[in-house]
Amino acid sequence: AQKVTQAQTEISVVEKEDVTLDCVYETRDTTYYLFWYKQPPSGELVFLIRRNSFDEQNEISGRYSWNFQKSTSSFNFTITASQVVDSAVYFCALSNSGYALNFGKGTSLLVTP
Amino acid sequence: SAVISQKPSRDICQRGTSLTIQCQVDSQVTMMFWYRQQPGQSLTLIATANQGSEATYESGFVIDKFPISRPNLTFSTLTVSNMSPEDSSIYLCSVVGGWRYNEQFFGPGTRLTVL
Numbered sequence: 001a002q003k004v005t006q007a008q009t010e011i012s013v014v015e016k017e018d019v020t021l022d023c024v025y026e027t028r029d030t031t032y033y034l035f036w037y038k039q040p041p042s043g044e045l046v047f048l049i050r051r052n053s054f055d056e057q058n059e060i061s062g063r064y065s066w067n068f069q070k071s072t073s074s075f076n077f078t079i080t081a082s083q084v085v086d087s088a089v090y091f092c093a094l095s096n097s098g099y100a101l102n103f104g105k106g107t108s109l110l111v112t113p
Numbered sequence: 114s115a116v117i118s119q120k121p122s123r124d125i126c127q128r129g130t131s132l133t134i135q136c137q138v139d140s141q142v143t144m145m146f147w148y149r150q151q152p153g154q155s156l157t158l159i160a161t162a163n164q165g166s167e168a169t170y171e172s173g174f175v176i177d178k179f180p181i182s183r184p185n186l187t188f189s190t191l192t193v194s195n196m197s198p199e200d201s202s203i204y205l206c207s208v209v210g211g212w213r214y215n216e217q218f219f220g221p222g223t224r225l226t227v228l
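Chains as they are written, first to last, in our numbering: chain A, 1 to 113; chain B, 114 to 228.
With the rest of the complex left out, here is chain A (with noise of 0.2 Å):
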């Protein structure tokens, strides 16, 4: 069975402070990939990353960076300078095929003037 666990249910930070948002997933498989996506309050998701199990090169994006350790099973998603539009719920998901979606239950990020 896959589980994803995000711990952190809200996360309230001033502007331009850094946030790291914690994803820990459980898995039998050894051919799995892992999602970030943000729900802004306007309801719509948004694709932010996809990840393999073999791949476990950290990636850059801008402000956003991700963390992947499979030794610690977690995907962490760290936001640098974080901005009043960051604030939205965050899903870290899992999927054992790359396209069917197991999601966590979301961190809610609040970003203050």
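Please note: incorrect hints may appear among the correct ones.
What the hints assert, rightly or not - Derived SDA-like pairs: lysine to any residue, alpha-carbon spacing no greater than 20 Å straight-line:
(1) A/K3 with B/Q154
(2) A/K3 with B/F174
(3) A/K105 with B/R224
(4) B/K178 with B/T133
(5) A/K3 with B/S155
(6) A/K3 with B/S172
(7) A/K38 with B/K178
(8) A/K105 with B/D200
(9) A/K16 with A/K70
(10) A/K105 with B/S201
(11) A/K38 with B/S172
(12) A/K38 with B/T157
(13) A/K3 with B/G173
(14) A/K38 with B/G173
No lab work stands behind these hints, which were simulated from the structure alone.
For chain A, the structure is supplied; the task is to place chain B on it using the hints.
Showing chain B alone in chain A's frame:
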């Protein structure tokens, strides 16, 4: 990226009725899925919509309650049958395209309220 539209965007329905939600993509896609997001909750996969054949349902979801059609590579429907207030949720379709398998995009969702 794909442009995905859903109709209706929202609806308020009476208990015992059915609602069909449409998902239209602007280009042919390989796979389409339907998810449910209950109020304040995460997303749960309902089923994989298979083109030309019966959908593949996840545990806890059945065809009689959530019949799905996918007549071609750009369109799918989800029907929520014999609705009860517990069906009040956002229903989202998602697609994996033939152009970029590394990304999975979601439609804007249909917000359903059942009274």
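Hint-by-hint comparison with the structure:
1. Taken as a hint, the A/K3 and B/Q154 pair is honoured in the structure, with Cα atoms around 15 Å apart against an allowance of 20 Å.
2. Taken as a hint, the A/K3 and B/F174 pair is honoured in the structure, with Cα atoms around 19 Å apart against an allowance of 20 Å.
3. Simply put, A/K105 and B/R224 have alpha-carbon atoms about 19 Å apart, close enough for the 20 Å limit, and the pair holds.
4. With a C-alpha separation of about 12 Å, the suggested pairing of B/K178 with B/T133 holds against the 20 Å cut-off.
5. Of the pairs offered as hints, the one joining A/K3 and B/S155 holds, with about 13 Å between alpha carbons and a cut-off of 20 Å not exceeded.
6. Taken as a hint, the A/K3 and B/S172 pair is honoured in the structure, with Cα atoms around 15 Å apart against an allowance of 20 Å.
7. At most 20 Å may separate the alpha-carbon atoms for a hinted pair to count; A/K38 and B/K178 exceed this at roughly 29 Å.
8. For the hint pairing A/K105 with B/D200, the CA-to-CA distance comes to about 19 Å; that is within 20 Å, so the pair holds.
9. A distance of roughly 30 Å separates the Cα atoms of A/K16 and A/K70; the hinted pair therefore is violated under the 20 Å criterion.
10. In summary, the hint linking A/K105 to B/S201 is supported, as the alpha carbons are separated by about 18 Å, within the 20 Å threshold.
11. Restraint check: the Cα-Cα separation between A/K38 and B/S172 comes to about 26 Å, which exceeds 20 Å; the hinted pair is violated.
12. With a C-alpha separation of about 16 Å, the suggested pairing of A/K38 with B/T157 holds against the 20 Å cut-off.
13. Our distance criterion of 20 Å between C-alpha atoms is met by A/K3 and B/G173, whose separation comes to about 17 Å.
14. At most 20 Å may separate the alpha-carbon atoms for a hinted pair to count; A/K38 and B/G173 exceed this at roughly 26 Å.
When each numbered hint is compared with the structure, violations occur for hints 7, 9, 11 and 14.
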